[in-house]
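Asker: Listed here are the chains, written in short residue letters.
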Amino acid sequence: MRSAFLEDVDLLNRLALARNSSNGPAAGTEEIIVHGVTGVCDPLGGLYLPEHGVLVVSDLHLEKGAAFARRGMMLPPYDTIATLNILSAVIARYDPKVVVSLGDNFHDRKGSAFLPDNLRTMIKDLARGRDWIWINGNHDPDGTTDLPGTSTDELLYGGLIFRHEPSLISGRGEIAGHLHPSATVRRRDKYVRRACFACDGTRLLMPAFGVLAGGLDLNHKAMHGLFERETLVAHLLGRDRIYSVRYGNLLG
Amino acid sequence: MDLVETQSPGRDAALLPRPFLKWFTEKGWQPRVHQLELLSRAAGGENMLLIAPTGAGKTLAGFLPSLTDLTRRGKIPPGSGFKGVHTLYISPLKALAVDIERNLMKPVSEMGLAVTIENRTGDTPQAKRQRQKLSPPDILLTTPEQVALLLANKEAERFFKDLKYVVLDELHSLVTSKRGHLLSLGLARIRRHAPDMRTIGLSATVADPMDLQKWLVPQGEYPDPPAGLVHVTGGAAPDIAILKTEERIPWSGHVSTYAIPEVYEIIKRHKTTLIFVNTRFQAELLFQALWTVNEDSLPIALHHGSLDAGQRRKVEAAMADNRLRAVVATSTLDLGMDWGDVDLVVHIGAPKGASRLAQRIGRANHRMDEPSKAILVPANRFEVMECQAALDANYIGAQDTPPVGEGALDVLAQHVLGMACAEPFDPLELYDEIISASPYAALSWEMFERTVDFVATGGYALRAYERYAKIRKTEEGRWRVSNPAIAQQYRMNLGTIVEASELNVRLVRRNAKGTIGRGGLSLGKVEEYFLEQLVQGDTFLFAGKVLRFEGIRENECHVSNAFSLDPRIPAYAGGKFPLSTYLADQVRGMLADPDRWHVLPDQVRDWLNIQRDRSMLPKQDELLIETFPRGQRFFLIAYCFEGRLAHQTLGMLLTRRLERAGARPLGFVATDYSLAVWGLNDMGGMIASGVLSLPDLFDEDMLGDDLEAWLDESYLLKRTFRNCAVISGLIERRHPGKEKTGRQVTVSTDLIYDVLRTHEPDHILLEATRRDAASGLLDIGRLGDMLARIKGHITHRDLDRVSPLAVPIMLEIGKETVPGEAHDAVLEEAAEELIAEALG
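For the record, the sequence lines run as chains L and U. Final position of the first sequence in this note's numbering is 824; the numbers increase by one with none missing. Final position of the second sequence in this note's numbering is 1315; the numbers increase by one with none missing.
Calculated directly from the structure, the hints in this document are not laboratory data. Be aware that a few hints might be false.
Quick list of the computed label-pair ranges, beta carbon to beta carbon [as the list claims (entries may be wrong)]:
(1) L:Asp714 with U:Lys629: 50 to 56 angstroms
(2) U:Ser957 with L:Asn595: 42 to 48 angstroms
(3) L:Gly820 with U:Glu921: 44 to 50 angstroms
(4) U:Ala792 with L:Asp714: 41 to 47 angstroms
(5) U:Arg942 with L:Gly797: 41 to 47 angstroms
Every value quoted in this text rests on a predicted model; they were computed, and no experiment measured them. No residue lacks a Cβ here, since even glycine has one placed at the ideal position from N, Cα and C.
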């Protein structure tokens, strides 16, 4: 029996890591450069741009449980609080001036309007004293209801462009989400799959931040043509640090 | 058992209408005693259980009460009012329902009876199913899932009110599964629509018939008397032998390739040979090996559950026509199907259970008064002893079928929703009905209420979903579905068989340029996780061919012919039966008693003798622990004989304890017979010096905190949770309008499990998961029994080198890795390479 059940083990790691996280600079991060801008990949799943004081998170998929419940599948109603707990840990680490949430902030259009009050308060507290940008995603194209911050389809900032879906025309300086990249590493007969930041120096694809978001392998056809494979590196979310592996080297 | 000569013809005449007597006379047959006894008692109003070996005319016996009743009723004139179904026949296999229709129609048409018979399975076209509801046949041949569907309908009462008999075939196999749980709940509901309905169970021999006799009648506060029992014993004793081989019997492994030339010779000497194996993996390998020696090009076929249904039907048809000389098959051919003139059963590998062996051997020769012939081919030396034990058991008629388990909660949740779809239910009434089903007789009211709450809103402590409730309480206190879409969802997701996510495998052609064409033969299905590990060019064995993996396109796996001789082999997770408790006990007994060794082959006897000289042989109730160094490692072997699942659980728990004790364990491997743990420190020395106490190490308290702690991280529970989540309706397999998304589950159940366990560890679905795992994958019950049994009976031998008895398990090391560990080390290794590259 080969290791067939390696998926998604990073969720408990992230929950534990968030619980034990302290304020201030974090261990286990990895510095990268996208289109000339320095970024810090955090094992909790966020990207921090120190030159601009910007924290980027993507695909929070808040209220995914409730979205399914509306369709008759009663998934646990705890995903939003779990995601927000990790988010508050990563905000506490960097105390960013700006938070950019890269779309699919809520799992469906009704999510932000039906958000329970205690969770709404939690987001308001997290946003206090900083700018918050909600990039619209395909799950939530209409922006948010009664939450701090502004909604937009795209954001140009510090020489980078932030959007939800990666552009098929040009990826220069693009930070995008949508695809939930994950990568599989094979060494001898062991396989490990983890969510990852995918970056070829020109474009960066963010891992999904939401706890119920799942992942899509870098080899999936939806990823084709997005990266220069020679320079593509997967920065995988490990138990307490980022592991960086060259694309061509993933399978050993 | 005697035939009917002892009966007076007068009794036959009274029981059997004229066409039956005429038919028997024309055939030169006489009804058998058990057929008449069953008929007279069922007609007299008793629920009945018939236990009989294959070839005893079980099917006809089961249908005689219906057929005679329907014949006396006569044809219903056209234009009469609606008449509900008269008899339900329920079988665990779709194919069996189809097969029975064929077998039953023959006598019915020969007798010229005015009886309509139809089958209804998942394959029946929608139009026919609709018509069956409006105008049911007299006898409906169907499956547990279809019964649940019919019951969840508003027309259920009309459909079932005239029901007289429910015939349950292969009952021994149905009752131990979740399908059996679902069916028991369905029967409880049918009884409400048709209070006079009688059950007739047909079963192979079981360990405890009373379990089934109770299963067939209402339980609860005022249980009915158990169903009447007709037990047909005897038949000719089977002629079973263990293959006498000139070859060297391997120390380990499961495939018996050493015996291929001998098996081939045996096939040549028989008309049709049925070759049973335990796993699809063995089937594939054996099939390929047989064809490499098949110089006479004998028609030899392959049959297992992953193959394309069309291919399987072809093999079955060829068998029925006696066009095949041999079929290599897994348990898909286990159940009572009647295929052609099989004159020999060859069983490859040990049968793992005495009852399973009896069933499989029954496939050879379908006339009970002639002996069936079988040959067992053990795959390794332990299996020689296991085969011998099974052989002894078959002669003395020992049985080790699993007991009827407690009803599963996920199945209950599914049923509760189904009942709300049928009509608004009163909770008290439904509770009484449910506990009348024997698997749910012990269900508490509190657990029932929690289940209803789970169905309505997910049953969470955080009451977040009241406004989305699937079922709601009306003012009269009845629960009804919130909207029609819920009922539609229920119908699309019903059932208790959760398949691992599988992809269709299609054989495509590579052209000269190396590009791949479209279309091609569909070969069957392979688990997605296995295919995900392949890269283009990898080869594997499937459907009797060595295939080259080309890629995954639109939910299909494309492969081409590989022309390679060294394939990677599908490492299917399922299909391995653990050694039964009964056989394990027999093997322990044989090991301890040299007087019984004379029946064993010389090479096995020599092996045991050397073991006795070098180390020792444990007594039947003793646990032998051996320790020895080898290479840079120290090994500890425990000879528990409790089956692979229980050993795996023990291995997980033991390594935790050894870790704490400072033995620095590195890994373990489990077989059906023993467990090997290896580590960096000298465990033998630690035991000898008293640093490590074996009684403490093997204390029952490991099933407390250690078990809990381990379960928290275990991938096994995630797999079980997925099944529970799907069956209970938390997760849909199919959603209206999205039938063809390919992926069977729309959200990762692993993630849901983690979130739920973190935030509400007492949730009912986690409880259901733990219960399932305890009896299934983890075999905790059996492990607990063993720990109790060996208390005070542990013997330690500290050796300076590996013992003969340890060789088989030592050879398994490295073949099988233990999955589910956090593999950050692998990531680290890969990341180091990047650093080295950067620095170099």
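Asker: Hint by hint, say whether it matches the structure.
Answerer: Taking the hints in turn, this is what the structure says about them:
1. Hint check: aspartate 714 of chain L to lysine 629 of chain U, Cβ distance near 40 angstroms, so the stated range 50 to 56 angstroms is violated.
2. At roughly 46 angstroms, the beta-carbon separation of serine 957 of chain U and asparagine 595 of chain L lies within the given 42 to 48 angstroms, and the hint holds.
3. For the pair glycine 820 of chain L and glutamate 921 of chain U, the supplied restraint of 44 to 50 angstroms is violated, since their beta-carbon distance comes to about 58 angstroms.
4. For alanine 792 of chain U and aspartate 714 of chain L, the hinted distance range of 41 to 47 angstroms is not satisfied, since their beta carbons lie about 58 angstroms from each other.
5. Look at arginine 942 of chain U against glycine 797 of chain L: about 44 angstroms separates their beta carbons, and that is inside 41 to 47 angstroms.
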